[in-house]
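Participant: With this note's numbering, letter number 84 in the sequence shown gets 84, and the count goes up by one each step, no holes.
Calculated from the structure, these hints are not laboratory results. None of these values were measured; they are calculated from a predicted model. Hints should not be assumed to be uniformly reliable.
What the hints assert, rightly or not - Label pairs and their computed distance ranges (CB to CB):
id : residue 1 : residue 2 : range
1  : Glu94     : Arg41     : 15 to 25 Å
2  : Leu64     : Met36     : 41 to 51 Å
3  : Ala31     : Leu59     : 28 to 38 Å
4  : Trp11     : Val83     : 24 to 34 Å
5  : Met95     : Gln66     : 47 to 57 Å
6  : Val42     : Asn72     : 25 to 35 Å
7  : Ala31     : Tyr67     : 34 to 44 Å
8  : Ala26     : Ile73     : 27 to 37 Å
9  : Ala86     : Leu39     : 16 to 26 Å
10 : Ala63     : Arg41     : 12 to 22 Å
11 : Tyr91     : Ala63     : 32 to 42 Å
12 : Val34     : Ile96     : 19 to 29 Å
13 : Ile81     : Val32     : 41 to 51 Å
All C-beta atoms in this analysis are idealised placements derived from N, C-alpha and C, irrespective of residue type, glycine included.
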Amino acid sequence: MSNLLAGSNRWSHIHGTISEEVLPKALGGAAVNVYMLILGRVLLGIGVGFTNQSVPLYLSVMALPQYRGAFNIGFQVCVGIGVLSANLINYGTEMIKGGWGW
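Assemble the whole structure, with the sequences as input and the hints as a guide.
Facilitator: See below:
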């Protein structure tokens with residue numbers, strides 16, 4: 001059963017990796033206008049959605065039963081720390097002069 005579930009997540013991981021790592025970074029690096037940047041951000045959001053959906057399931061399937069909760073909580077804590085860090089950086093840089101703050 002676990003091999004069946006792990007195999008079903010494979011395409012979600014592959015799609016998430018392509019849409020989170022490859023396409024948005026290529027569009028962001030080659031952007032010549034705002035629309036390319038927006039498209040890259042949309043693709044990044046799709047990739048993050050795929051990985052946030054599939055990674056906890058993959059961790060639950062692959063981890064030993066006594067460690068499943070710890071792995072999933074660890075993943076969610078890391079996501080929460082990332083969101084908090086991004087917001088704190090945004091708050092700390094919003095008043096930078098010269099248009100550098102967001």
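Participant: Next, verify each hint and record whether it holds.
Facilitator: Hint-by-hint comparison with the structure:
Between Glu94 and Arg41 the CB atoms are about 19 Å apart, so this pair conforms to the stated range of 15 to 25 Å. For Leu64 and Met36, the hinted distance range of 41 to 51 Å is satisfied, since their beta carbons lie about 45 Å from each other. In this structure, Ala31 and Leu59 meet the distance hint of 28 to 38 Å, their C-beta atoms being roughly 34 Å apart. Look at Trp11 against Val83: about 27 Å separates their beta carbons, and that is inside 24 to 34 Å.
Between Met95 and Gln66, the C-beta spacing of about 48 Å keeps the proposed range 47 to 57 Å intact. In this structure, Val42 and Asn72 meet the distance hint of 25 to 35 Å, their C-beta atoms being roughly 28 Å apart. At roughly 42 Å, the beta-carbon separation of Ala31 and Tyr67 lies within the given 34 to 44 Å, and the hint holds. Judged by the Cβ atoms, the range 27 to 37 Å given for Ala26 and Ile73 holds: they are separated by roughly 34 Å.
The hint said 16 to 26 Å for the Cβ distance between Ala86 and Leu39, and at roughly 21 Å that hint holds. Distance hint check for Ala63 and Arg41: the Cβ-Cβ separation is about 32 Å, which falls outside the suggested range of 12 to 22 Å. Range check, Tyr91 to Ala63: about 35 Å between beta-carbon atoms, so the 32 to 42 Å window is met. A beta carbon spacing of about 21 Å between Val34 and Ile96 agrees with the range 19 to 29 Å that was offered as a hint.
A hinted range of 41 to 51 Å is violated for the C-beta pair Ile81 and Val32, which are about 35 Å apart.
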